[in-house]
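All chains should be built: construct the whole structure from the sequences, respecting the hints.
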Amino acid sequence: MRSALLLLAVSLGCFAQTAGRPIYESELIFPLEHWHDHASSVVELPNGDLFACWYHGSGEKEADDVKIEAARLHRGQHTWTPRFTLADTPGFPDTNPALFLDSRHRLWLLWPVILANRWETALMKYRISSRYEQPDGPPAWDIEDNILFIPNNFSATVKATVDSWLAGAQLQPTARLDSWRRLLDRANDKYFARLGWMTRVHPLQLPSGRILVPLYSDGYSFSIIAITDDFGRTWSSSEPLVGEGNIQPTIVRRRDGTLVAYMRDNGPPPKRVHISSSRDDGVTWSPVHDTGIPNPGAGIEA
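Using my numbering, the first residue of the sequence shown is number 2, and each one after it goes up by one.
Derived by calculation from the structure, the hints in this document are not laboratory data. Watch out, some of these pointers could steer you wrong.
Claimed, not checked - Using 30 angstroms as the maximum straight-line C-alpha spacing, the simulated DSS-like pairs for lysine-lysine come out as follows: (1) K160 <-> K191; (2) K126 <-> K160; (3) K191 <-> K68; (4) K272 <-> K160; (5) K126 <-> K68; (6) K126 <-> K191.
To be verified - Computed beta-carbon distance windows for the label pairs: (7) D230 <-> G300: 23 to 33 angstroms; (8) R22 <-> R182: 34 to 44 angstroms; (9) L167 <-> D219: 19 to 29 angstroms; (10) G293 <-> D190: 27 to 37 angstroms.
Beta carbons: idealized from backbone N, C-alpha and C, even for Gly.
Here it is in structure tokens:
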């Protein structure tokens with residue numbers, strides 16, 4: 002993990018066909034080091050360059066020196082540019098960055114600032130740039146703001162889901178029942194419900210122009226979707242996607258317009274990818290269930 006990103010978990014998206022077999026290319030963005038480098042994100046820019054970022058520091062949420070770094074791989078080259086700072090809130094950890102190109106070809110950086118060294122104190126921020134194709138260094142940012150929203154139908158959705166679990170609970174371990182009841186208590190806490198949401202994977206823009214930003218909470222260990230219909234000027238949210246450890250959703254859109262969210266399993270065994278779907282452009286979601294696809298608690302992206 003320290004070697005970072007490295008590979009961007011990614012293979013850099015380079016696929017080719019030779020004799021019917023795919024070729025995967027990968028390289029280190031920077032040499033191995035003792036620092037903690039984690040949670041990489043990468044996009045291809047309109048000019049064919051790759052732009053990658055990650056968070057870097059002496060730890061994670063507990064380390065106040067954590068910042069967002071980035072580098073570029075120019076089209077046709079095999080060596081990344083020297084890394085540079087993309088975001089650094091002095092005295093606070095900046096973590097879990099996600100990159101995104103919108104339909105106006107503007108580059109977004111979205112990331113949580115950790116206010117009190119606990120994941121549940123995350124505050125989401127974003128920057129937007131239309132001037133980012135320079136050879137080196139960070140983009141010139143046009144917009145910077147927080148992502149603030151009141152979770153849609155939050156406590157009622159959590160209560161309905163947990164009540165259904167409790168009604169069907171037979172011979173469940175006491176610890177599991179207690180964790181369900183704690184969710185009910187937390188669902189009514191406005192402070193807890195409005196803070197602590199974090200990015201991990203790329204946003205998705207719909208044909209209508211609506212942008213969906215997948216978020217999750219380590220405090221609740223489930224997910225929600227931030228929604229903007231005006232390119233970030235105002236924000237709302239979906240109803241929560243409530244399950245046992247369904248975090249870091251990655252969203253795809255089917256040809257019929259249905260949205261499908263696949264989620265990392267952060268809950269009790271068996272460990273499998275979670276899934277939910279939406280037929281109203283991301284506002285409400287079907288009950289979360291397992292896909293049967295094994296997942297050891299590792300991040301995923303569709």
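Structure-based check of each hint:
1. K160 <-> K191: 15 angstroms, holds
2. K126 <-> K160: 29 angstroms, holds
3. K191 <-> K68: With Cα atoms ~28 angstroms apart, K191 and K68 stay inside 30 angstroms; holds.
4. K272 <-> K160: Distance of about 24 angstroms is within 30 angstroms: holds.
5. K126 <-> K68: 13 angstroms, holds
6. K126 <-> K191: 19 angstroms, holds
7. D230 <-> G300: 23 to 33 angstroms: 28 angstroms, holds
8. R22 <-> R182: 34 to 44 angstroms: 53 angstroms, violated
9. L167 <-> D219: 19 to 29 angstroms: 23 angstroms, holds
10. G293 <-> D190: 27 to 37 angstroms: 34 angstroms, holds
Comparing the model with each earlier hint shows a violation of hint 8 alone; every other hint is respected.
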